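Participant: Each chain, letter by letter, is given below.
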Amino acid sequence: MRLINILVLSAALAVIAAPVFHSAATDTKCACAFAAADQAQEAKVEPAPAETPTADSSVVLYRVMGVVLIVWFGLAFFLFMLDRRVAALENEMRQRG
Amino acid sequence: MTPARSSSAAGVYGLGSDIIRNLRKDFRVEFRSRFALNIAVSFAAIVTIAMSLTAGGAPFPAAVQSILLWTVIFFSAMNGLSHIFVREEDQATALFLRVSVTTDSIFISKSIFNQVFMMILLIVITPLFVFFLQVNVIHIAFFILSVAAGGIAIAAATTILAAMVAKAGGKGSLFTIISFPVLLPILWVSINSTTGALRQTAPSYDNPVFLLAFSGFISVISFLLFRSVWLED
Amino acid sequence: MSIKTIALKSVYILMPATILLAFLWAPPAAILGDSSRIMYFHVPLAWVSILAFIVSGILSVAYLADKKGRFHGLVETSYNSAVIGFVFTILTVITGSIWAKISWGVFWNWDPRETSIVIVLIIYIAYFSLQGALAGNENRGRIGSSYLVIAMITLPFFAFLVPRIYPSLHPDPIINKDRTVHLDAAMLTTLLVAILSFSLLYAYILFLMKRITTLKKRIGDYHAAD
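If you read the protein sequences in the order shown, they are chains A, B and C.
So for the first sequence, my numbering puts the first residue at 1; every next one is plus one.
So for the second sequence, my numbering puts the first residue at 1; every next one is plus one.
So for the third sequence, my numbering puts the first residue at 1; every next one is plus one.
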């Protein structure tokens with residue numbers, strides 16, 4: 001089990017390492033060019049999402065907010081129950097001395 | 001903590017003689033079997049030859065060459081450098097060492113051993129790599145300096161990590177995993193540095209200087225922390 | 001209820017408030033549009049990851065310096081902080097890649113901050129691997145703390161190295177000039193509230209874990225006394 005963990009992790013590290021090493025050795029110039037290309041691409045994309053908040057986008061916004069709120073309430077419920085249980089255990093410990 | 005024999009009574013002389021005694025013992029034990037060195041060197045040779053073979057003799061660009069060089073050095077080092085402490089735990093001599101010799105002298109002698117080990121490894125790997133992968137080294141002195149500085153930094157950073165791994169039972173690739181974040185800046189700078197040596201433009205001496213400064217810094221920190229890794233309650 | 005408890009439990013109110021502020025009150029950013037609202041979650045998550053990492057490191061140093069054992073539970077708290085930090089770091093990476101996909105068109109491009117968060121992630125992974133391998137060892141705490149200290153002192157070197165090698169696409173202070181998005185008062189307030197509530201969430205979970213660790217220890221003592 002543990003060995004498998006370590007193997008998976010080392011594979012992940014190798015995957016992560018390759019591009020880091022690669023970009024380390026390429027020149028700053030290359031990286032700049034990459035960034036510049038990226039920005040150029042972005043500039044092309046920029047005019048596309050014209051920011052006019054239509055009714056449609058605000059519906060999406062409310063939906064996303066609903067999902068986030070549900071996630072938070074789930075987490076909050078879990079934390080709250082955990083807190084109560086720990087408090088109960090603490091009380092028990094205190095009573096036993 | 002185990003009361004280690006104090007070296008302050010004998011002063012610096014005592015520490016020095018302890019270190020020399022440890023080193024002599026370590027080298028004798030290591031070169032009796034040459035276990036770690038054989039494995040590390042054969043690994044490096046196999047990987048280098050495999051890369052050269054599969055590339056079919058086509059020369060790589062300078063950046064790729066230095067990435068491959070440091071990948072080979074990194075993994076060969078990971079095969080051998082933890083051996084110095086893992087062996088002590090395996091052969092159950094760690095306890096004896098802990099009681100009989102001061103902690104400081106153990107750390108100093110083990111890191112000197114690792115430095116020597118790393119240098120031997122580099123002396124074997126680098127010419128082999130240059131020979132098989134048709135590396136065209138333009139600034140030879142700078143190339144040697146970068147490789148040596150990188151090696152010193154790797155050996156300096158991993159000595160204390162080897163002691164930690166030995167405590168954890170020397171399990172497989174754990175050493176590689178825990179060394180990776182610490183060695184990442186070293187590899188990064190070393191790759192840049194050797195790439196500079198393979199290019200026409202005059203290389204900048206920032207990188208080797210950074211590597212040497214880093215190895216000094218990490219050696220000092222390791223020296224301070226070694227006591228809490230090595231001694232047991 | 002003590003002031004500490006009230007402060008920690010106020011996260012139950014502050015967090016929904018943050019969500020409402022982020023989605024309803026704060027105006028959308030000029031160019032990024034509504035997608036910029038992920039900022040109110042991404043930035044606090046990143047802040048807490050770094051905070052947890054620093055707390056973990058400081059507690060490790062304190063534990064190693066505290067030879068006489070005057071303080072209890074330093075290693076355990078350090079480890080717990082690292083666990084929380086690890087989760088927050090993963091969440092930071094996820095929210096960050098989503099935002100990067102929306103605004104830069106790619107999920108990942110080794111931007112300096114992305115690189116540094118990945119290095120923090122690798123350090124966490126290595127630390128947990130070491131802790132796992134040391135299970136049952138009496139010196140686990142000391143070895144783990146030493147490793148964390150060594151890994152942490154390499155981070156300033158990255159801070160020195162990374163910007164020299166990569167140009168940043170990340171907004172410089174928070175949103176950069178050439179993107180012509182500046183935080184107006186409402187956005188800034190929302191962001192600060194979000195940072196506060198995420199920090200409180202971190203503190204709340206950390207204290208909860210601390211209480212559980214204390215309970216565990218006391219149960220252990222109880223059994224040892226039998």
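Please keep in mind that the hints were generated in silico from the structure rather than gathered at the bench.
Hints are not guaranteed to be accurate.
[Stated by the list, open to error] Label pairs and their computed distance ranges (CB to CB):
id: 1; chain 1: B; residue 1: Leu231; chain 2: C; residue 2: Ile3; range: 37 to 47 Å
id: 2; chain 1: A; residue 1: Arg63; chain 2: C; residue 2: Pro156; range: 37 to 47 Å
id: 3; chain 1: A; residue 1: Tyr62; chain 2: C; residue 2: Arg113; range: 28 to 38 Å
id: 4; chain 1: A; residue 1: Arg85; chain 2: C; residue 2: Gly73; range: 38 to 48 Å
id: 5; chain 1: A; residue 1: Val71; chain 2: B; residue 2: Ala50; range: 30 to 40 Å
id: 6; chain 1: B; residue 1: Ser204; chain 2: C; residue 2: Ser116; range: 20 to 30 Å
id: 7; chain 1: A; residue 1: Ala87; chain 2: C; residue 2: Pro156; range: 51 to 61 Å
id: 8; chain 1: C; residue 1: Lys210; chain 2: B; residue 2: Ile120; range: 26 to 36 Å
id: 9; chain 1: B; residue 1: Ser204; chain 2: C; residue 2: Ile98; range: 48 to 58 Å
id: 10; chain 1: A; residue 1: Arg84; chain 2: B; residue 2: Leu231; range: 37 to 47 Å
id: 11; chain 1: B; residue 1: Gln200; chain 2: C; residue 2: Arg113; range: 53 to 63 Å
id: 12; chain 1: C; residue 1: Pro16; chain 2: B; residue 2: Val220; range: 47 to 57 Å
id: 13; chain 1: B; residue 1: Arg199; chain 2: C; residue 2: Arg113; range: 23 to 33 Å
id: 14; chain 1: B; residue 1: Phe217; chain 2: A; residue 2: Phe80; range: 39 to 49 Å
For clarity, every value in this text was computed on a predicted model and none was experimentally measured.
Ideal Cβ positions, reconstructed from N, Cα and C, are used throughout, including at glycine.
Participant: Each hint: holds or not?
Facilitator: The hints, checked one at a time:
| no. | hint | in the structure |
| --- | --- | --- |
| 1 | B:Leu231 - C:Ile3: 37 to 47 Å | holds, 42 Å |
| 2 | A:Arg63 - C:Pro156: 37 to 47 Å | holds, 43 Å |
| 3 | A:Tyr62 - C:Arg113: 28 to 38 Å | holds, 31 Å |
| 4 | A:Arg85 - C:Gly73: 38 to 48 Å | violated, 20 Å |
| 5 | A:Val71 - B:Ala50: 30 to 40 Å | violated, 49 Å |
| 6 | B:Ser204 - C:Ser116: 20 to 30 Å | holds, 24 Å |
| 7 | A:Ala87 - C:Pro156: 51 to 61 Å | violated, 41 Å |
| 8 | C:Lys210 - B:Ile120: 26 to 36 Å | violated, 49 Å |
| 9 | B:Ser204 - C:Ile98: 48 to 58 Å | violated, 39 Å |
| 10 | A:Arg84 - B:Leu231: 37 to 47 Å | holds, 43 Å |
| 11 | B:Gln200 - C:Arg113: 53 to 63 Å | violated, 34 Å |
| 12 | C:Pro16 - B:Val220: 47 to 57 Å | holds, 49 Å |
| 13 | B:Arg199 - C:Arg113: 23 to 33 Å | holds, 29 Å |
| 14 | B:Phe217 - A:Phe80: 39 to 49 Å | holds, 47 Å |
The earlier numbered hints that this structure contradicts are 4, 5, 7, 8, 9 and 11.
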